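Visitor: What follows is each chain in one-letter form.
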Amino acid sequence: MIGRIRVIAFNTFREAVRDRVLYNLVVFAVLMVCGALVLGRISLRIERLVLVNLGLTAIALFGIVIAIFLGIGLVSKEIERRTLYTVLAARPVRRWEFIVGKQLGLMATLVVNAGLMSVGFFAALLYLQHRFQAADGFLLVALYFIILEFVIITSLALMFSTFTSPLLSTIFTFSLFLIGTFAEDLRAFGALAGGFTRALTTGLAYLLPNFAVFNVVSEVAHSVPVPGRLILFNSLYALLYATAVTSAAVLIFDRRNLK
Amino acid sequence: MVAIETFKLAKSYQVGFWRQRRREALCPLTLAVEQGEVFGYLGPNGAGKTTTLKLLMGLIHPTSGSAAILGCPLTDPRMKAQIGFCPEQPYFYDHLSARELLVYLAALSGVPAADRQRRAEAVLRRVGIAEHAGLQLRKFSKGMLQRVGIAQAIIHEPKVIFLDEPMSGLDPIGRREVRDLIQTLKDEGKTIFFSTHILSDAETLCDRVAVLNHGQLRGIGVVADLVREVSGRVEVIWEGAAASDAIIGLAAEMHSSGAIFRAVLPEPMLERAVDSIRRSGCRLISLTPVRATLEDFFLQRLEREVETGSTVVSGEGAS
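Line by line, the protein sequences are chains A and B.
Numbering of the first sequence is given in my numbering, commencing with residue 1 and proceeding in unit increments.
Numbering of the second sequence is given in my numbering, commencing with residue 1001 and proceeding in unit increments.
Warning: the hint list may mix true and false statements.
Unchecked claim - Simulated crosslink set (SDA-like; lysine to any residue; CA at most 25 angstroms straight-line):
{"hint": "1", "chain 1": "B", "residue 1": "1142", "chain 2": "B", "residue 2": "1088"}
{"hint": "2", "chain 1": "A", "residue 1": "259", "chain 2": "B", "residue 2": "1022"}
{"hint": "3", "chain 1": "A", "residue 1": "259", "chain 2": "B", "residue 2": "1288"}
No lab work stands behind these hints: they were computed from the structure.
Given the structure is predicted, the values throughout are model-derived calculations rather than measurements.
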């Protein structure tokens, strides 16, 4: 079972790596970091602040674009191109193993991608500061939170990919990402409202993914430490949310007729 | 021992905007295929052949009925490790080379890591594309992909092999090679279930065939038994035009080339036809019994359906 999941994950990773679009996005990300560097040079005394803000935001945005772009085709493309026939038809591969393998493969791609972009980011930071500071350690926490965001986004894209077209999957996933970014505002609105509206907004706020909790870019840019409790809670939240969404994807995919 | 068994296996789809109409893709199908048999599954396009294969492969779920392969339910992973499947017009991950694809699929089938590379090379040799092992599949022609499809179906040495239109996209040499390969697999004791609408292939290879149309089983049995139903015709060749009108009157199909005439007519009409030829002073050249083909059987069944407007003809003996 583990072996089959690993094999599917590796193939998904290999496919992404051989996909030229991925390389283009990496090049774009490198360009963004270079741009941040230039901006940092022309910003008086706040070079680090500008560089950290732009660098981390670029890594997050490019990662999210890749996550959505690849995630929405993970299953639907396989069904459309009928490549999964030879995997699921006459091999001892269960459908859930296929889903989990695909998701892990995409996560591996995103982690490697974010890692490469981070190397460029830290190189730019070193160039700017000439040495690393103790507060730069918090940047690793911000990067870790970005990866946790990827975990949730890939599971959402994958779930939509099991039952709808790539276009609709993109719209749904991107919409949820946008709503999730403002989840705290939704919660605040719920607290202000009353009756049914309060129940509805509060319910939605808990049901929809909360991406706001992962955004610590502003704090780490100002060298504010990230509490250990937040790291633990965010890790648990991402893990549980992604598990729930992936389980839904498995349930949907299990019932599907692969025409 | 039974290798493949279906019991009232059926599939229907809800169609239309409100999904209120029902379309029967496969009417309750009961059949059994013995181990070591080459079983042909025949029918025109849209007959329900691919639906049956997808049901057996677990790609779609039956509306009713059940099926078993090697005595196991269709969802049993242990059974799945012992079957191979080549879909119609197979598509593969085109970022992989043929060798990489086969190693990948062998890994999923549970082939030990040490054996994967060797087996991939061996099956690529067997299907005649060993020299293209390192080429990315996006550069493969349709015929070459078909061969890769067959290679991936046998790389894990399955006991039962399902082939959906295996000759599709192949040139005459390729078709002959695949026919030889199926024959070799049969000699190795494999059970082969293959769908085709190329009847001559089925006639050459199959121990038994099933004929399907509009999702319903129209006939099942040994090829010789099926074609016997439509045999009993004689080809008559003679020289001289004088007898032609009389022979057309015997409901014969007739062709002429210069002064040479050829007619195919039912056996009971033979005496009268020969008399007519002799009486007309024509020269009888030959009388040859016509060997009926599976195609004749197939066409006759379809024609009978059109004439009677019937849709139900039971399968004579399911195993």
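Visitor: For the pair supplied as a hint, residue 259 of chain A and residue 1022 of chain B, is the alpha-carbon distance within the 25 angstroms limit?
Guide: At roughly 16 angstroms apart (the allowed maximum being 25 angstroms), residue 1022 of chain B and residue 259 of chain A satisfy the hint.
Visitor: Is residue 259 of chain A within 25 angstroms of residue 1288 of chain B, Cα to Cα?
Guide: Distance ~48 angstroms between residue 259 of chain A and residue 1288 of chain B Cα, so the pair is violated.
Visitor: For residue 1142 of chain B and residue 1088 of chain B, compute the direct alpha-carbon distance and say whether it is at most 25 angstroms.
Guide: Status holds; Cα separation ~11 angstroms.
Violation of the numbered hints given earlier is confined to hint 3; every other hint is satisfied by the structure.
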